[in-house]
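**Q** So the sequence lines, in the order shown, correspond to chains L and F. Going by numbering that gives the first Met the number 0, the first sequence opens with residue 0, and the numbers climb by one from there. Going by numbering that gives the first Met the number 0, the second sequence opens with residue 0, and the numbers climb by one from there.
Hints are computed from structural coordinates only; laboratory data are not their basis. Treat the hints with care, as some may be off.
Result set (EDC-like, lysine to aspartate or glutamate): computed pairs, CA atoms no more than 20 Å apart in a straight line [said to hold, decoys possible]: (1) L:Lys450 - F:Asp359; (2) L:Lys406 - F:Asp344; (3) F:Lys324 - L:Asp423; (4) L:Lys406 - F:Asp343; (5) F:Lys361 - L:Asp452; (6) F:Lys329 - L:Asp423; (7) L:Lys371 - F:Glu47; (8) F:Lys246 - F:Glu406; (9) L:Lys450 - F:Glu300; (10) L:Lys450 - L:Glu466.
Note that this is a predicted model, so its numbers are computed, not measured.
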Amino acid sequence: MTALDTPVMDFEVRDGVDRETIEAVHAMSGKYKYGWETDIEMDYAPKGLSEDIVRLISGKNEEPEWMLDWRLAAYRRWVRMVEPRWAMLNYPEIDYQDQYYYAKPKSMDVKPKSLDDVDPKLLATYAKLGIPLKEQMLLAGVEGDAEPRKVAVDAVFDSVSVGTTFKAELAKAGVIFCSMSEAIREHPELVQKYIGSVVPPSDNFFATLNCAVFSDGSFVYIPEGTRCPMELSTYFRINAENTGQFERTLIIAEKGSYVSYLEGCTAPKRDTNQLHAAVVEIVFLEDAEVKYSTVQNWYPGDENGKGGIYNFVTKRADCRGDRAKVMWTQVETGSAITWKYPSCILRGEASQGEFYSIAIANNMQQADTGTKMIHLGKNTKSRIVSKGISAGRAQNTYRGLVSMHPKATNSRNYTQCDSLLIGDRCGAHTVPYIEVKNNSSRVEHEATTSKVDDDQLFYCRSRGMNEEEAVALVVNGFVKDVLQTLPMEFAMEAQALVAISLEGSVG
Amino acid sequence: MALPQPKLDKLAALTAGLALPKSGWAAPARADAMSRLAAMGLPDKRDEYWRYTDPTPLTTAVAPFAAVFDAGDETPLFDAIDRVKLVFVDGIFDAAASDDLTLSGIEIDLLSRVAALDIHWARDSYGVLECRGQLPVARPLAALNTAFATEGVLIRVSAKVTKPVALIYLHKSDGSDVKLHHCIKVEQGAQLSLLENGPAAARFNSVLEVDVADGARFHHIRAQGRDHARHAATHIFARLGNGSAFKSFTLTANGALTRNEAVIDLDGDDAAAHVAGAAVGDGQFLHDDTVFITHTGQRCESRQVFKKVLKNGAVGVFQGKILVKQGAQKTDGYQISQSLMLDDDSQFLAKPELEIYADDVKCSHGSTSGAIDDTALFYLRSRGVPLKDAQSLLVLAFLAEAISEIEDDAIAEDIRLRLDGWLSRHGR
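Model the full structure from these sequences, guided by the hints.
**A** Right, here's the structure in full:
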């Protein structure tokens, strides 16, 4: 062991070393940083899952009848479904009756009228996570800019949304950004039209479960021709024990609109596994562009695989108009189990889908993640860049589908999947499915697997870096292609996370 | 786990008309295979490794008819090559048409001729690699073959044999349903080339088990028959010892359904396995290459090169996997699967997988699909090459990487001529 034993700040930056990289690594040193919990009084629904629980969740959110019926139909379907086991994931059977499906801070009983009324404990929680809910510029990384960038935040705490910032300013532009529960009450016509239209309640086991019990999430509506004036973000925090989080996000981008949406997540350290089954639906029309970035940093469990979040997520974007464009970027560093395949349905002519992913699995983590690019329209384009890193005893799988339908003529796909192994007890796997049904489209798939190059490490070490710094530098180089696609604030955080997640994997 | 009733029914329907062949030494292996099959059931489209190929025609009780292909005045493949010839007509050995099987350094027996013996060297080989190859993915048709195969060759090689052994499969009856099971043991430092040629039957199920001992070499070249309506499921199970080499090339032209499985275990250190295939199909054609390569030993090299040319609704399937076990350090794995689609109706479905549990490895795979490059075509035409010739040239160039896996120049030339013949027959 090298770096772990040395005091955190006891280092010198030498020539040829990217100072920023090393600082970022050290600044974020220490194990999982977000493992603390907020001591707050909670209101739980009874443990277990039944029609009554579904009714209760719907009731708590003051939902209209159609929403409850929709949930109940999904629940009845879910009961008959079988949990999928095709992923390269190994975990004990989940007892769906041994979970809480609804938990909300007691202080949220009376809906706060503005952020000023929100329980200071909750505000402090987000401040500690680096997500100030006061309407101010967001991240330290942009301080000193002439005009600081604003980011609107929807903060979700267990089952409820605590608050959403910059709502008034966004409303001026015609943008609706609020919690899902609020959208169901305030904009039922939009929700009813689009919810489940991309990920239907029959989609898959976890999505169906989500349809039945989702408690909150974010809702975004960007009107025609509008460029959203600021970045939107949602921050998910699981706090309560034995509680599953089931959020549902719906983004609607009308013709010619643009939005960049960020998502972050953390949870406290616990010995037991917690369930997270989310659904994200994006609908976008002609010439619309959506950029969706995620930094997933749920608690990954300890070195021996105890605890951690089971993360089963269904994310899908439906390009309904011509020339629409979606870009998924994800940095997956947390969770004990990750099961996640953000997908693009490229229906409109010349629509584009892009997927950039960094998945890091260390210790006993298991990740099975990738994307689906379904080309239905002519001249559609997609690009997949996936970087998987395995360390410790972790297993990391890329699973993806590229499908060119007969009518998707002159379409194009390029896929690149690279895996990096650190240590001889981990695994890296690639499972791509390629289905081409016309000849004018071109599909290219490339994948490589390698270890951290000894020569590169030796070079870094000869320049005076210790082993962990050297590995962090090489790994940062490996994932650079993807990091560059992230919004700047996220890129900083992600870069640091990459280093942190691999801590203890060498030496 | 008990099989669901429909699976049981299908298996019962298929095996009802079959009797376990009388065999002394092979009886336990056949009984084992039968119980394996009973536990697995026959494949169907819901099985992960049959998602792109519907196995129904391979599992019906009665084989679908297939008319015999008329090759016209074309010279049979490998005719000019000095070889030891074994001829099978609809799966039955034709001694009169075959050569004398005595050759120094090699022992050749026919399964049907030695079946009555109680002791035979093949007792320790028959069904062994097939059984090992059932994990982690079940291959029920191979177990079916081990249980019910009526004929096959048993070859034991103890020296470097230069003359290739050629198996010629003639197809004369349009309803024949044939299962052949070959066992080959290439002993330490020995060497053998095996040629296979012909359609064999209307429905053909074959298993080839090859044990390549330390320092031994095995070279396999196969050309599958051109009957348009034939169905075939072939399996190669190979185990490679230290420093050994295994090379296999398959040419497939025509055939309603061809499923070629290769299951190769690089068991020893420093071994090399190359598996290649060129497939050309026009119309009613489904070609499926399913390859599973396991790296157990250290410093081994594996190479998979599969090329498919498709037109008029032909379907090409590739499912390839490189599995690198923990401890199989310094592995070099390479896999490429490509398809060239000559028109808009064809399909290419691929699942190239990597599963890696060792860190000091170099593994890569690539898969592409597309049409003939217009720029290349334009260039050739601008140089005065007629359109059809230019297309042929580009198709052959596309297939060249796979054909280059054949070491023997004369054999490679034969394969090229066969492809040329196919291209001129199928009008491009």
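**Q** Does each hint hold? Answer for all of them.
**A** Do the hints match the structure? See the list:
no.	hint	verdict
1	L:Lys450 - F:Asp359	holds (6 Å)
2	L:Lys406 - F:Asp344	holds (10 Å)
3	F:Lys324 - L:Asp423	holds (10 Å)
4	L:Lys406 - F:Asp343	holds (9 Å)
5	F:Lys361 - L:Asp452	holds (11 Å)
6	F:Lys329 - L:Asp423	holds (12 Å)
7	L:Lys371 - F:Glu47	holds (18 Å)
8	F:Lys246 - F:Glu406	holds (9 Å)
9	L:Lys450 - F:Glu300	holds (17 Å)
10	L:Lys450 - L:Glu466	holds (15 Å)
Violated hints: none; the structure is consistent with every hint.
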